[in-house]
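Student: As a plain string of letters, each chain reads:
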Amino acid sequence: MTRFVLRRLLGLVPTLLVIVVLSFLVIRLAPGSPFSTERGLPAEVREVLNARYGFDRPLHEQLLSYVGNLLRGDLGLSTKYPGRTVNEIIADGFPVTLALGGVALCWALLLGVGAGILGAVRQNTWWDHAAMSAAMIGIGIPTFVLGPLLILLFSLTLYVLPPGGWGSLRHVILPGLTLGTAYAAYIARLTRGGMLEVIRADFVRTARAKGLSEALIVRRHMLRGGLLPVITFLGPATANMLVGSVVVEKIFATPGIGPYFVDAAFNRDYFLVMGIVVLYSVFLLLMNLLVDVAYGLLDPRVRYE
Amino acid sequence: MRSIPGYAEVSVLCLFALLGSCARSDDRYYGTTEPRHGPDEVWSNLSGEPEWIDPGKCTEVNGGTIIGNTFAGLTRPHPVTLEPMPDIAQGWRIEEEGRVFVFKLRPSQWSDGTPLTAHDFEFAWKRLLDRETASRYASFLHPLEYGADFNLQSLVVEGFATGTEPARLQQLAAQFGPVESVRLLRDGKRALVRIGGDEEQRSAAREALRRGLSGARLDGAALRVSVASSDLVGVRALDDLTLEVRLETPLPYFLDLVAYHTTMPVPRHLLARLKAQGVNEDLWTRTEHIVSNGAYTLKEWKFRQHMVLEKNPRYWDAEHVKLRTIRLAMVDSQNTTLNLYEAGELDYIGNAELPAEFRDHLRQFEDYRQAPYLGVYFFWLNTREPPLDDPKVRRALSLAVDREALTRNVTRGGQIPTADLVPRGLAGYAGLNRPLFDPVAAKALLAEAGYGPSRPLPPIRLSFNTLESHKLIAEALQAMWKQHLGIDVELENLEWKVYLKKLEMFDFQIARLAWIGDYPDPNTFLELLLKDNGNNHSHWTDPEFEALMQRANRTTDRAARLSLLLQAERLALAQTPLIPIYVYSRTEMIKPYLKGNWMNYQHHTFFANWWIDERYYTGVPGTEAADPPPPLQHPIDIGGRAP
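In order, the protein sequences belong to chains R and Z. Numbering-wise, the first sequence is residues 5 to 309 according to the numbering used here. Numbering-wise, the second sequence is residues 99 to 741 according to the numbering used here.
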């Protein structure tokens, strides 16, 4: 197991390197400069700025020095937010996005797994249909519709929660619900499907024959197998929720890192773009690894060589 | 840069339109009318994280708002009329027919108690012009004597015999590289060589000139060459409280310039201390370091979340600052801003704008207001690209735009249609008042240029940067030109940075842009058309226009100067290097209990004047509280030339 994890971690290095090199080149291929605005900039000033950020050196040198800095954990300086390092910007925004993603994830799991179990255990009853219809609606309503609806209800009609901003627990509820609901809906359907696959399996029948209580059977035996598809989905979904909440963060003016995915590229904020790409890649790769590990823990058929 | 409205924006709009209004305390207002905080603070909004709050480096509106309220310059604009009034300078004297300004400063302090002196201004201005500062706004002080030469690194040549003609030096220098001009410094012993040639090559050209000229001989004398230093620049602290400024040419709007945040002082003592401690100079504006001299100080700055400003007890005019705390959110989405405003989380939308599609609905509420804004939306014409090299074709295109229909049906935000470059009424400027729309004359002009049904104009490309509102305007122009002139226009939609690159390379035929005036004077718009202005994207130049502009800005009589500027504008627009469309307008929402916030041409907000009408804590009062703007303050008489 340890060897497996170590080997996989080692395997991440070349993958990351390829990602870094490719995205470094792609962002530099885009026309325009980080310093261009509608107000012209004299060549004298542009030279100083380029020299300050090292953009005056040949591209391969810049790439090498970037990778070197990256290995030391230095992500460079932002051009859009002068005087701020990309490390600082990510350290400011990432906890916010993590908190938002965490709340969303808890909500998604709570609601999704709950509804999924309900649907599977009470298959083809009124309960099942209600839960699965709700899930269909949840999948169908995009965040940019759900968010404003929640704002309208809780902020502008009932005046109980703020419609945006950040700073207290009250601020995280609406964006968290908005972000988590769509995932909850997926999780509900996956849980139900997974549970139905094992519900008539021999080991469940055996458990019943042993006289275990239904609750215990669901918890101990069915969930382990039933949650496998959810686990598969959860890896990339968690990464997505944690790092990719672009729309939700925009609607609720949440100061996370979501908007950088788009804005940093528009601004040609080279190092910030790279920082975000690296962060997201690491996160995604780690999540996938985590999924594989979780498989081993949940499914007795999986063995690590 | 504004963000592109995405799904989020559009959907909020649709939903709200569908669901209509909800419970409110008073139907006349949009959202709550009860302050959600104490009477000693205000919650406002910046439309995003400021890039810089360093006076010398700030280039955008959010940084400008912070600097304008935490720093104080020599003058400050009147909150309504924007006329310059004394601030740190209590009075001034104008000498040498408007070329020299002597400012007398009032004794005042930085927020850490250090005395503020004229040296802080000298330091700040020279720092702004220093190429190493890499300020994008350095050109703001190019009007200072030798300011541009220091900023753009002209060469200083000395060692030649007194009385040598600059033309002879120029002749000599031209052997080594491109020279734009050579002129003698005031002492007559040194000469300034401005580097010419292609901008990208200037660095190399400077080096070649420097090497060539050093040691070269003129009439037997060996020349010495150096790069222009800050000592040359026309700003000098005569003593702790007297600042002397020398300008290249008289500048009638100079007192407006020194009210702008770019010219505000920088705490020399703090920067020196940080340097000694080895701290990156860029970090001086962080809350743990910053020292300022304005009505408020920066208390808290949470990156991309909020800023908190607190009243500065050391501001010289602190007794007139009413509120203790200003809390500024940083919400860039227009719809989210409006939601926050409706819920009472914001008292004022601040620097944000109202969602365009929402304005018609918001207009009915009493907390809605609008005013013209000092900016012009226009299209550059590339005057070297046939068929646009023919002024008749350009004028025809301009005349065939139905600007009134465009602002009424397309932009719909109270914009003022205009065919002039300078908004009329600006600082007493009469305005050209050119016809807004004349399709018959347009057609006639096109025929005169040799185009008609038998010989149609080739298709024209119109470029704009990706934004829904630009697209709508471009499509409207496309339809109008098709309808009135029978021209096929193809639209080119480009991402912002790509677009800027194309503008810079002159790789376009017609391209949209806007210009927001820096100071309330016609010059801020007309200088766009000068030959050497890097923001002139038309390739159009006219020596007569240059001469008129120069003459105007050397004229001290106000009326005569404005009439010369008017002549210059008439001459330029007759050749139509650009097609003006409208003057901007600003629309905003402000809670009825927030007072002392008046609209002005430049959307300058002065937190110092704000106050809360406390009657709103117990319901909407029947009468409006009196809220007159402060009277115009005049400079004190500082007497004649000092002995």
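Because the hints were derived from the structure by calculation, they are not lab data. Any given hint could be a false lead.
[To be verified] Covered by chain Z, according to a simulated footprint, are these stretches of chain R (three or more residues, beta-carbon under 8 angstroms): (1) 20-29; (2) 32-41; (3) 87-97; (4) 153-166; (5) 169-182; (6) 220-232.
Since the structure is predicted, the reported quantities are computational estimates derived from the model, not experimental observations. C-beta atoms are modelled at their ideal positions from N, C-alpha and C, and glycine is treated no differently.
Student: If a hint holds in the structure, say so; if it does not, say that too.
Tutor: Hint-by-hint comparison with the structure:
no., hint, verdict
1, 20-29, "violated (count 0)"
2, 32-41, "holds (count 7)"
3, 87-97, "holds (count 6)"
4, 153-166, "holds (count 8)"
5, 169-182, "holds (count 3)"
6, 220-232, "violated (count 0)"
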